[in-house]
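Sequences listed follow chains A and B, in order. Last residue of the first sequence: number 226 in my numbering, and the count goes up by one each step with no gaps. Last residue of the second sequence: number 464 in my numbering, and the count goes up by one each step with no gaps.
Since the hints were derived computationally from the structure, they do not count as laboratory data. Beta carbons are placed, not taken as given, at the ideal position from N, Cα and C, and that holds for glycine. None of the hints are false.
So, partial list: chain A residues that the calculated Cβ filter (under 8 angstroms) puts toward chain B:
1. A169
2. L177
3. Q180
4. A190
5. R219
6. A220
Just so you have them, the derived chain A footprint on chain B, three or more residues with Cβ under 8 angstroms:
7. 383-393
8. 424-434
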Amino acid sequence: MTSLLKSAGRRTLAALPLAAALAACQAFAPAFDPEIAVPVAEANRGAATIVAEAEAGRFRDSAGFPAEAERYAALDARLAAAAARAGAARPGEAAAAARARRLLVAQIEGCRTELRALALIHRRSGIAPGAGLTEQAAAACDLAARAAGAAPE
Amino acid sequence: MKGAETMTDSRSFDPASADALFRAMLREGENALGRPIGDAGAVARHLRSLAQASLETAAALAEGRIDAEAAREAFEGRRRLLVQMRAFAELAALQGAQSGADAIFRTIGRAVLDRTGINLVPELVDPG
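With the sequences and hints as input, model every part of the structure.
Here it is as structure tokens:
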């Protein structure tokens, strides 16, 4: 690339700044945002802990739900804030980048939805371990954390 | 879906039927996506777990460890998750394209910086 540039004429070189400035901005996906990635990663860890406890049989009984309700609510609030931040349109945003942004919001909302569904099962009947009731929340939140944490490089 | 029969037939967890179900889900997923998912990666790993969880739910329902409503909700969640996986794959492709664009313009920016001393893309090129 360097040798190519050295052989390039002045005019070609003069055109590069514009091209570079244009393409360096986020054409396909929003830039990595730690203020989204960090809370979603934390919520994913919180969800994984709830799932592990549920699969260990700790939440078999719905009577135990009120003691755990606050944990679900705290994770939901974190995710809601992260989704709101991810959902904000950027000025001059490219169409593909806007699509990527909405897809990220959908990942975070997916984690919220499955956590809520798990909380509902917990409240209604308790969570039977080994019955495939927790995998959805674990997977949805893992995907959300991966989507939000896509490496900035 | 082809794996459905395996799923309802299974009274206890059987890795062979989980694998058959996973293969069926993988095929369905690839049809929906229009491109290969592959055996590695987060989406394939979750598909495998979902296949396993489906068999567990079927067994738990058959054994009366959960009621029909819990089983129905679990399967609803899995349906939602398949939609989320498809969106995730699309997002991953866009993020990959962005990384590619960043890499190209990092190279160009570095070359321009070396030649002219001007850093056109400071967010990508570290002058140090």
